[in-house]
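Protein chains in written order, with our numbering: chain X, 1 to 406; chain R, 407 to 480.
Hints in this document: simulated from the structure, not taken from any laboratory.
Just so we're clear, the structure is a prediction, and the values are computed from it rather than from any experiment.
The beta carbon of each residue, even a glycine, is placed where N, CA and C say it ideally should be.
Mixed in with the good hints, there may be bad ones.
[What the hints assert, rightly or not] Listed next, with one range per pair, are the computed distances between beta-carbon atoms: (1) X:HIS288 <-> R:HIS452: 38 to 44 angstroms; (2) R:VAL466 <-> X:HIS288: 37 to 43 angstroms; (3) X:GLU118 <-> R:ALA462: 51 to 57 angstroms.
[Unchecked claim] Computed list of chain X residues with no C-beta within reach of chain R, every gap over 10 angstroms: (4) VAL31; (5) THR39; (6) PRO232.
[Said to hold, decoys possible] Stretches of chain R that chain X covers, calculated by requiring three or more beta carbons in the stretch to come under 8 angstroms of a beta carbon on chain X: (7) 413-421; (8) 437-445.
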Amino acid sequence: MSRLRLLAGPDLSLGAERLHAQVERLGPLPVAGAALIDTLEATGLAGRGGASFPVARKWRSVTHHSGGAVVVANGAEGEPQSFKDRVLMSTRPHLVLDGALLAARALKASQIVLYVGEEHRAAWTAMAGALAERPEPELHRARLVAAPHRYVAGESSAAVHLLDAAIASPTTKPPEPHAAGVGGAPTLVQNVETLAHIALIARHGAGWFRSAGRRGGAGTVLITVAGAVPSPGVVEIEAGTTVREVLELAGGTDPAARAVLIGGYFGSWVDFATALELPLEAAALREHGLGLGCGVVGVISSRGCGVCETARIIRYLAGESSAQCGPCFFGLRALADACGRIAERGSNPDDLARLNRWARDVRGRGACRHPDGAVMFLQSALQTFAPEFSSHPAHWRAHATGRGVA
Amino acid sequence: MSRHLEIAIDRIRCDGRGLCAELVPELIRLDDWGYPIIASGLVPDHLISHAQKAVAACPVLALALRQAERKAPS
Numbered sequence: 001m002s003r004l005r006l007l008a009g010p011d012l013s014l015g016a017e018r019l020h021a022q023v024e025r026l027g028p029l030p031v032a033g034a035a036l037i038d039t040l041e042a043t044g045l046a047g048r049g050g051a052s053f054p055v056a057r058k059w060r061s062v063t064h065h066s067g068g069a070v071v072v073a074n075g076a077e078g079e080p081q082s083f084k085d086r087v088l089m090s091t092r093p094h095l096v097l098d099g100a101l102l103a104a105r106a107l108k109a110s111q112i113v114l115y116v117g118e119e120h121r122a123a124w125t126a127m128a129g130a131l132a133e134r135p136e137p138e139l140h141r142a143r144l145v146a147a148p149h150r151y152v153a154g155e156s157s158a159a160v161h162l163l164d165a166a167i168a169s170p171t172t173k174p175p176e177p178h179a180a181g182v183g184g185a186p187t188l189v190q191n192v193e194t195l196a197h198i199a200l201i202a203r204h205g206a207g208w209f210r211s212a213g214r215r216g217g218a219g220t221v222l223i224t225v226a227g228a229v230p231s232p233g234v235v236e237i238e239a240g241t242t243v244r245e246v247l248e249l250a251g252g253t254d255p256a257a258r259a260v261l262i263g264g265y266f267g268s269w270v271d272f273a274t275a276l277e278l279p280l281e282a283a284a285l286r287e288h289g290l291g292l293g294c295g296v297v298g299v300i301s302s303r304g305c306g307v308c309e310t311a312r313i314i315r316y317l318a319g320e321s322s323a324q325c326g327p328c329f330f331g332l333r334a335l336a337d338a339c340g341r342i343a344e345r346g347s348n349p350d351d352l353a354r355l356n357r358w359a360r361d362v363r364g365r366g367a368c369r370h371p372d373g374a375v376m377f378l379q380s381a382l383q384t385f386a387p388e389f390s391s392h393p394a395h396w397r398a399h400a401t402g403r404g405v406a
Numbered sequence: 407m408s409r410h411l412e413i414a415i416d417r418i419r420c421d422g423r424g425l426c427a428e429l430v431p432e433l434i435r436l437d438d439w440g441y442p443i444i445a446s447g448l449v450p451d452h453l454i455s456h457a458q459k460a461v462a463a464c465p466v467l468a469l470a471l472r473q474a475e476r477k478a479p480s
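Chain X on its own, in the form it takes in the complex (with noise of 0.2 angstroms):
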């Protein structure tokens, strides 16, 4: 169930967690260096942007190349229905820059950035004013850069492209980030949460970090809860707790709910009885075919529609291609407009065998996964709500209303 680390210590509402306070609530950053490594391969780690890659791989894969390598904390946090990052950075940033520093530390970066969210106003002031704090010298040079309010942004490509050329486009690789990033040195782009893990994990340990966790996960998540819930907003949770459990920390659900989308926009749709006993945890969600993603956990109620949500979301993803890839930019167009046509005058056989045809073309087919994360989505959108691909009404004509996940 719900168990505070990141979140541990003064109440959220308070804001930001000053230096000093941290300071005496957790003791002051321990001397790591490149031994760290070895303890993040001991506790599993995986990275919480979305992609949940092993820590400990991504770091020695950027020590496997010269050069002074550059340490990137990704607060972009462009899915719009995520909000742990832009939290933990507006509440607990020196857990953030503590492991921004164990990074820099542990892979000789000689620069440190901060790529924050354009949009997210009070994450930025906290993590501007908790640089201003800090007393030491990578972090006197590290830069604070605006993430644009994309949901590409974020991609480790396109961050690394915003801060060479100021464009937040993914671009082709090979090069990778780790191997070629910012200005050709080897960059670590990794996600604030992530960072605020390791600040823990450096001054308690690797076991201590598994202590933590249940039905074979470890560690503790942040998790956002969205849609149909009493409260929903972010809460840190033991990984492995199921989505039965989390949705009673947001205050319980309709019990006759439809359906929980698991990892956000470029998660799947799970048919609710299905996803109550889910265990929040990667390795367990890939059993299934899930992933834990961003950390999103979105309900629609048993009046929402699974078509029209959808069909709404097809549309926001399709739009924020960066429209570099022509599968994904005229792909993602073409799925959301059939998509659309359902929702809008209701349930034909071609358009179901197009984007049934279209999702299975897109796939695999662009410079980054932004097409494959939107085919993926629509594919499980397709599986969980069948019936209602294939019966929807007319949007003239009555039809269920509720509230959306988002």
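Got chain X sorted already, so can you dock chain R onto it with the hints?
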């Protein structure tokens, strides 16, 4: 003996001109918007010269033949 070559595409460069699909239809077809869908796996030896022609003919230099390898993590 196979030469372990695969067709690599720069999706950002690709403009959907479609010449590649005409030159090596065994390996490349076009989607509904005119962009190439490349068959996964290695280029069979008897198609390598066709694939090379497709690479050379691409007006925006979006295609390449490269040694197949396991991709590094991002």
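Could you work out which earlier hints the structure fails to respect and list their numbers in ascending sequence? The structure breaks only hint 3.
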